[in-house]
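**Student:** Full structure from sequences and hints, please.
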Amino acid sequence: MGGKRHKPHNRGSWLYTLPYAIFFLTFVAYPLGFAIYMSLHEWGLISAERPWVGPGNFLTLFRDPLFLTSLANTLLYLAVNLPLTLVCGIALAVALNASFPGRAFFRTVYFLPYVTSTVVVALLWKWMLSTDDGILNGFLRTLGFDGLPWLTSTWLAMPSIAVVVAWKSLGFYVLLFLGGLQTIPRSLEEAAVTDGATWWQRFLHVTLPGLRPAIALVIALSTITGFQVFAEPYLMTGGGPLNSTMTPVLYLYQKGFQSLDFGYAAAIGIVVALVVVAVVLLQRRFLEERTT
Amino acid sequence: MWINRKSVAAVAVAGSLTIAGCSAERGGAPAGQPAGAQTLTIWAPAGTEGDFVRKVVEKWNAGHETKFVAQDLPAATASEDGIAAAVAAKSTPELFIGASTAQSPSLAESGGVLNLSKEFPDAESFVTQRSGQAILDNYRAADGSLYVVPWRTNPVMVFHNKALLKKAGLDAEKPPATYSEYLAAFKALKVAGIAPIAQSIDQTWWHRNFDWYPTYLAAAKHGLLSEKVDASAFNEQAGVESMTFWREVFAKGYNARSSAGLDDTNPFNQGKSAFYFSGPWNIPSMTGPVAKQAGVGTVPVPDAKATGPVTTYGDIKHVVIFATAKNKSASWEFVKFYLNAENDAAFLSEMKQIPLRTTLADDVGEAFFKDNPLLVPFVEQTGSVLDLDLSTKTIDVLTTLSTAYQSAAIYGRQPVAEALKQAADQVDQLVGK
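Protein sequences appear in the order of chains A and B.
So the first sequence is numbered by our numbering: it starts at 1 and just counts up by one.
So the second sequence is numbered by our numbering: it starts at 1 and just counts up by one.
Derived by calculation from the structure, the hints in this document are not laboratory data.
This list has only true hints and no planted wrong ones.
Here are the simulated distance ranges between beta carbons: (1) 36/A with 227/B: 33 to 43 Å; (2) 48/A with 329/B: 25 to 35 Å; (3) 184/B with 48/A: 48 to 58 Å; (4) 370/B with 228/A: 50 to 60 Å; (5) 125/B with 76/A: 56 to 66 Å.
Covered stretches of chain B (chain A as the covering partner; in silico rule of three or more C-beta atoms under 8 Å from a C-beta of chain A): (6) 79-89; (7) 200-211; (8) 253-261; (9) 406-418.
From the three backbone atoms N, C-alpha and C, an ideal C-beta is built for every residue, glycine too.
**Tutor:** In structure tokens, the structure reads:
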């Protein structure tokens with residue numbers, strides 16, 4: 001009487017979770033815990049002593065102009081990459097959702113860059129965007145324009161990288177949007193047609209609202225990717241010119257593997273992870289408010 | 001800390017050469033190896049240098065029970081990055097051919113490479129016999145031990161395209177030497193519609209080793225850091241003058257603000273630009289009409305006065321044995337084999353890079369240099385080269401200076417003196433005790 005009723009407990013059920021638990025503890029929890037531990041120490045690769053510095057690395061980081069530059073660069077990257085990803089992703093998804101001959105071929109074509117090696121993509125675009133002998137400037141010159149310093153100008157290099165990353169990942173986001181389009185009830189579209197809505201009105205008032213969950217997901221994933229951009233600036237610009245394409249992860253890499261200061265690099269990693277969580281939570285809250 | 005204030009020894013000229021070349025396969029277990037026998041791994045630079053290592057490995061494997069296999073260094077934009085990552089992960093193999101001076105102090109202090117003086121009784125005598133006492137002393141660590149085997153040097157000089165110089169009305173047989181002469185030549189070339197020079201503007205630290213740093217060494221005759229490598233030494237007249245020269249080069253549009261390639265894609269090697277700062281490794285890249293029809297000459301890097309021998313950057317690389325080596329003695333025996341007189345001569349002949357061997361000239365013979373006249377100035381230049389400072393912070397120092405160079409010289413965002421002062425403050429903080 002009055003006692004709690006427990007559901008029958010399957011004592012062996014924990015066994016089923018064991019493989020993932022082992023995976024999680026080994027590849028997520030332990031490295032994360034170790035990174036936090038390292039960030040609280042002066043952890044140089046070459047030093048025998050690794051003294052405790054508490055929040056020292058974090059305090060230095062918040063005053064480090066290059067780290068702050070890397071965060072500002074990421075905001076510029078996102079300002080170009082996010083709208084481009086959303087507009088092109090939705091446009092392509094809507095186009096590929098319609099039935100037309102060769103649809104499967106085009107779906108495959110747009111997905112190809114996503115499954116191509118990032119290194120290959122970065123090197124190919126580096127060549128295409130070369131100021132002197134790049135194919136893009138060659139095309140501009142045939143039209144009578146001057147070539148642009150796509151990767152050698154401090155104001156154009158980061159937007160160029162943002163476009164390259166958007167191009168590479170577009171196929172994946174198109175898939176997400178295509179999935180979102182499948183969830184929009186056909187009856188809504190038919191009702192709008194019956195009411196005499198134009199294609200644009202149907203897109204604005206039926207398709208776009210129906211895609212909101214997919215849009216929220218794409219924004220979150222693109223933002224996370226944006227804060228993790230590494231290979232493209234590493235291979236295409238080395239973080240230059242004048243640190244204009246320095247990203248937090250590239251800076252982390254430089255601190256870790258060039259300066260051999262693993263403690264500081266770990267602190268960068270943790271701060272970047274926290275910034276990503278905060279930004280994504282803010283975005284989610286904003287998008288939920290807009291939805292309700 | 002290490003010391004590094006001396007120029008490396010000169011490499012004399014003379015002798016005859018036999019190249020024992022044979023085909024090699026990339027990677028994989030050596031052929032004819034008995035089951036269960038030990039295979040030891042060597043990391044080598046990718047490309048033709050790696051192919052050369054594989055040839056030597058094949059020769060070694062034919063006559064020794066312990067087999068080696070040469071693999072390309074894990075890919076990274078700088079070999080130092082790949083090595084640092086491997087040392088951190090303790091996934092290094094037996095040895096690495098091509099360790100940079102910039103990284104060698106870190107490798108020694110981290111315990112990532114073997115103390116050769118301690119491990120092998122003949123290590124120091126081997127280096128002295130091959131390269132001379134000055135080289136041995138130059139690369140001793142603070143503890144007095146040797147952790148690297150100095151391998152080869154590639155002095156940075158200035159190639160020039162004689163046909164393009166003549167086209168611009170310049171005396172191709174009397175190329176420029178001082179800053180003002182270089183700038184006047186660049187101006188004449190630009191007026192004639194010829195691209196004067198095409199150096200890379202890339203931000204990555206090691207690019208500065210092939211543009212500003214050699215001119216700095218020519219002017220300063222000492223490294224970027226103080227004798228005890230605990231303070232900056234570049235914020236002086238030599239630093240300002242040499243960087244101002246490059247600022248002029250970019251401000252007047254003599255060098256485009258674009259990332260020129262370093263190999264056969266460089267405009268110089270394609271006959272499109274007149275000058276190119278590079279080392280002897282560039283000679284094989286000049287396979288087209290540039291070398292044959294236009295005629296190529298090589299002169300020292302610019303200097304304010306250009307009186308006496310002009311100092312330049314030696315780009316010296318080393319062989320190291322990692323602490324993870326499974327068979328230390330076999331690794332050391334292989335190092336000695338790789339660096340024997342025959343292989344050194346073959347390396348010079350095939351790679352056009354200069355092994356640090358005092359008898360090299362005699363070994364390859366006078367006829368070799370008659371057939372390879374472009375190599376002669378580089379070999380002569382080896383008597384006046386300096387290396388990087390032997391500090392664990394050298395890469396950070398060069399990274400700082402690369403940003404200063406971009407800011408002051410390439411993009412003209414701030415005065416040279418201000419950029420160097422700023423860089424000096426950062427470097428002092430970095431290396432200060």
